[in-house]
Amino acid sequence: MTNIPETGRSPRVQIRLVVIQVLVLSLLGTLGGRLWYLQIREGDQYAKEASGNHVQQVVQPAVRGSILDARGVPLADNETRLVVSASRTDLMKMKDDGEAVLTKLAGVLGMTPKEVMEKVRLCDAKTPQPCWNGSPYQPIPITDETTPKQALQIRERAEDFPGITAEPQAVRRYPSPGKANTAQVLGYLSPVTDEEIQEAQDTSSPYLRSDQVGRSGLERQYDKQLRGKAGVTRYEVDKLGRVIGQAEADPTQPGANLVTSIDARVQRIAEYELNEAMKAARKEHDRNTNRTYEADSGAVVVMEAKTGRVVAMASNPTYDPNAWVGGISSKDYARLTGKKSNYPLLNRAIQGQSAPGSIFKVIPTAAAINAGYSFEGPYACTSSYSIGGQVFKNFESQDHGAISLGRALEVSCDTVFYRLSHEEWKRDGGNKPKKNAKDWFYKTAHQFGLGKETGIDLPNEVTGRVPDRQWKLDYWKANKDAWCKYGDKDGSYAEKIAYENCLEGNRLRAGDSVNYSIGQGDTLVTPIQMATVYAALANGGTLHSPTVGKAVISPDGKTVTEIEPEAYGKLPITKKTLAEIDEALEGVATRGTAAWRFGGWPQDEIPMHAKTGTAEVHGKQTTSWFATYTEDYSIVMTISQGGTGSGASGPAVRNIYNALYGVAEDGTIDKKKALLPEPQKTLPKVGTDGTIKSPKIPKDPAEDRPTASPDARATTPQDGPDGQDDPADQQQAGTVPSPEAGNRDTRRRDRRRGGGRRPGDGGRGDGPRRGDGRPGCHRRHRRATGTRRMAS
Amino acid sequence: MSGGVNSFHVSGYGPERAGWTRVFARDSLARRLDWPILLSATALSLLGSLLVYSATRNRTELNQGDPYYFLVRHWLNTGIGLALMIGTVWLGHRALRTAVPLLYGASVFLVLLVLTPLGSTINGAHSWIKLGGGFSLQPSEFVKVTIILGMAMLLAARVDAGDKPYPDHRTVLQALGLAVVPMLIVMLMPDLGSVMVMVIIVLGVLLASGASNRWIFGLLGAGAIGAITVWQLGVLDEYQINRFAAFANPELDPAGVGYNTNQARIAIGSGGLTGSGLFQGSQTTGQFVPEQQTDFVFTVAGEELGFVGGALIIGLLGVILWRACRIARDTSDLYGTIVAAGIVAWFAFQSFENIGMTLGIMPVTGLPLPFVSYGGSSMFAVWLAVGLLQSIKVQRPMSA
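So the sequence lines, in the order shown, correspond to chains X and H.
The first sequence maps to residues 1 to 792 in this note's numbering.
The second sequence maps to residues 793 to 1192 in this note's numbering.
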């Protein structure tokens, strides 16, 4: 080695080598720094991006829980349909992107290959419908109209159809057991909105795009419990979308079952009787307007008196809740929300409010006692009562002499209450009200729960109205400008009223207090409020928040969460007064205004209490009210523009009681025929496998009754050429009849189309019937004069 | 040159010793080998094999159903590389000096062969020769070695002979001509990444040779003008332009051109300090990063081994480069200095470009990471270079 000449490193080369070394080190330093920046400083963000990269969620929808009646009969459940779906992930693994498989599948399903392929393709800006809008990792439904035979063909040759599944899937169904429609109480589902998806996105239970959400009734009120929790499986996928592992899986939690206090049979009877009563009323002649009654809408509530549980709740006009299943057509939607059909979506039992008429009188009775008047009186029941120049007449100007408050209830004497209310008004200062006015009549109404929601477990309940001083003032403030502009001292009736209102609408006038005392004027109540009040009279004075839901039972039947009825108030009356009113209301049923409806009723076995009401509405026909109770039940029915309380609603309510207790028309009780002589106490059993034990239910409880004959309807012409069976009756204007069983078995789409036609041709086909109804009218008049027909 | 110098027989250096004592004697060959370089290179190669395995074990479309396909081959390549290194040390870089014209000619011939129908295209670069049996040759890797050797031979000839302190202009011109010929061919392939490496090699070689500053700055200027001209004339293929565009703005088109860089950065970034664990990376398992066993192998380390693993690779490369710089400075002849400096320039730039592109600070080009990336030609070339470095170290005077 020594023989190698030492070249001697020149300084230039040495310096340059150092430069190279420094450059190299700085390059490596740069790499290290950048690595630190990416991994340590920004690492978290990239980790998040990475997980978003390769985790895909597959959501298995939870089966919605059933809504059951008190005995376990499903009012809303799920129908199984065979749905053929394709897994896009599997198809894309094939060499031809699954084209061969889809073509074969099209053959089995009787579709064209193009149709099938279009269903499976993904939507994007360039792809028109049909296309799949959901996650590509979700099985894509191709058809839900698979026959079992087709499904078998696919399943048995699974090797020929890789990535294709034919599985049963749950679709909401409203089976209407025993023709009990229960539409407004059940409510309906409609697809989830974008906002709702956004909101629920990061919660534990995200919505699927295909999800349905409860929009009204029980479906909405108990949506959270019924909906369950969708299962989410997170798969790790590679760049091509192939699954390389299962990251996490939250199992699907099916929705819980809701047991209601509704009894499907009673519900059917209530719906049927309401509809029949309205049909009958439309044949009745109204002397005031000189035409038949419109009977445009009505409602009936059957309530357990001791608990406030709702056994039946019907609202008419009604609709078929199945119209909403699988997405409602715009035509159907227009029909259900249109004025022409008179808004069948409204649950008039909780959303319909009108003046109560005489069924209100229990409140001024209690108010008078509280104000210091005696129950016995006696009070003069004159044929009219005058204040200033204004004359307030008793109903049909009857004079009953001096009577007690109890008798005033029995005969529904208006003038007794006019006088009492007017006296109280004067005691409170009259036109110059005292500062600490007692306002007994108004205070008592509030204490009876009027003017506010009862708190029933159904959405969008309305409050009704107690027209007290405060309301008068508020209402006047809101409207005085319009009144003062429109009002004319010498104009039409409406203009005169407006003129008066403009001047002194802020004050409680003597006339207001008089009108109010018999549930007229500006007083508004809902049927559910009155049912609650009469139930409280029956149970000793406790006001319950009505409930429809009775218990929430987990899908495996193991967890039962009972919904306990809650008391929200006590009637402001002593036991003594309560007993006196109770006796008086029994008198109404035995010898008062409702007696003619309860002829032959086994009063000793089942004490019946009732109050009739006929409320006048300016510009319209009278509203029929009928409020009743026994020891266990209270039933309240109302028919708008339906006539008198006992006349229009009486037979229907009687028939409902007959069915409940098994009472025949002659008054004999057949316990075997009784549908529900005592309220249902036990809850239906739900098995650990989710099966629900429920009793068999007759095809139509309304037809199974011995007393269901039209003969019971005394105001109905028995000899009329158009009997009860005339289908044209069902097409009365404004009423969408209950869906018939035959319809339910047909395809959904067909049903909708059929339904769409109904209101159009149903319209005004009642022309000739008006004439036909005349004999019946005469007859009613004859009867009316023969019976003690007071104010309602 | 005397034969004794070229020999690596230990017997020439001392009294007869027997067995292991002789091998590990103070002045023995084993003692004089640069062990840091050797160990670092071996460690990088083995680590690389694991990363390559991780990236390919699930890629049935690449590994013919055998998850160990690439692992075994990487080991095989490393073994051949080690053998090439030993052979190089055995022969000695000075003995090889005489064979440089032959090696140079052979490599240029192979590069030319690529342009004939024998060549094949991978990822837009027409730079491979298919050998059959799944093997293919990338001659441009060997050209990097022969350019260094050829330029060193020319530039050092008269200086080492003691005629001149620095290479004169004529010699520099000849050396440049020698480099430009294969570079032009490689550019035609087009393998822009390799051309860039060669340009840096040329710069490094000229720097180390002591050539006049005018050449250095002249070349830098020419390089800049050349780059602009190439851009303006549109000689570059679209994919090459797109890569640069994506480098400038990776968010431009995350599903398209910017996809590689984005996914690479996500993979590395998600690794954090210690990574997800070897074979546990979801980006790697999910095959989100393309070319992960070759050009983007560093992303596997980044994701699965984290900052610790990434820094280890950079550190090991740093050891090799640091030792190579020492060898360049410590050797007595300019030939050895130039060769070592050329190798430093090559390794440093290629590593920087490769890792830099995965980190998003350099544009994407198809360059392997020395020792770590899968690829026979690259592996052989870098181990040949290690052999040259070892030979330069071994053959320098002990007492210097």
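The set of hints was computed from the structure by calculation and includes no laboratory data.
Note that the Cβ used here is the ideal one computed from N, Cα and C, for glycine as well.
Be aware that a few hints might be false.
[Unchecked claim] Taking CB as the label site, the calculated pair distances span: (1) H/Gln-856 with X/Arg-121: 41 to 49 Å; (2) H/Leu-868 with X/Arg-121: 41 to 49 Å; (3) H/Gln-856 with X/Thr-112: 20 to 28 Å; (4) H/Trp-867 with X/Gly-690: 57 to 65 Å; (5) H/Thr-1066 with X/Ala-158: 16 to 24 Å; (6) X/Ala-158 with H/Trp-867: 39 to 47 Å; (7) H/Phe-1009 with X/Val-18: 39 to 47 Å; (8) H/Gln-856 with X/Ala-249: 29 to 37 Å; (9) H/Gln-856 with X/Val-18: 20 to 28 Å; (10) H/Ala-1016 with X/Thr-203: 34 to 42 Å; (11) H/Gln-856 with X/Gly-687: 23 to 31 Å.
[Claimed, not checked] Stretch-level coverage of chain H by chain X, calculated; a stretch enters the list once three of its residues show a Cβ under 8 Å from a Cβ in chain X: (12) 898 to 908; (13) 939 to 947; (14) 1098 to 1106; (15) 1134 to 1145; (16) 1159 to 1168.
Inset, instruction - Confirm or reject the claim that H/Gln-856 and X/Gly-687 have a C-beta distance inside 23 to 31 Å. - result: 55 Å, violated
Legend entry - Within 8 Å of chain X (C-beta), three or more residues of the segment 1159 to 1168 of chain H: violated (count 0)
Legend entry - Status of the given 39 to 47 Å range, CB of X/Val-18 versus CB of H/Phe-1009: 19 Å, violated
Legend entry - C-beta pair H/Ala-1016, X/Thr-203: status relative to the range 34 to 42 Å that was hinted: 58 Å, violated
Inset, instruction - Please test the hint of 29 to 37 Å on the beta carbon pair from H/Gln-856 and X/Ala-249. - result: 34 Å, holds
Legend entry - Hint check for H/Trp-867 and X/Ala-158 - Cβ pair distance inside 39 to 47 Å: Because 43 Å falls inside the window, the suggested range holds.
Inset, instruction - Count the residues of the segment 1098 to 1106 of chain H whose CB lies closer than 8 Å to any CB of chain X, then report whether that count reaches three. - result: Contact hint for the segment 1098 to 1106 of chain H vs chain X: holds, 5 residues under 8 Å.
Legend entry - Outcome of range test on Cβ distance (H/Leu-868, X/Arg-121; 41 to 49 Å): 46 Å, holds
Inset, instruction - Take the C-beta atom of H/Thr-1066 and the C-beta atom of X/Ala-158, compute their distance, and say whether it sits inside 16 to 24 Å. - result: 45 Å, violated
Legend entry - Whether chain X covers the segment 1134 to 1145 of chain H (at least 3 residues having a Cβ closer than 8 Å to its Cβ atoms): holds (count 6)
Inset, instruction - Return holds or violated for the Cβ distance of H/Gln-856 and X/Val-18 against the range 20 to 28 Å. - result: Taking Cβ atoms as reference, H/Gln-856 and X/Val-18 lie about 50 Å apart, which means the hint is violated.
Legend entry - Whether the CB-CB distance between H/Gln-856 and X/Thr-112 falls inside 20 to 28 Å: 40 Å, violated
Consistency with the previously given hints fails for numbers 1, 3, 5, 7, 9, 10, 11, 12, 13 and 16, ordered from lowest to highest.
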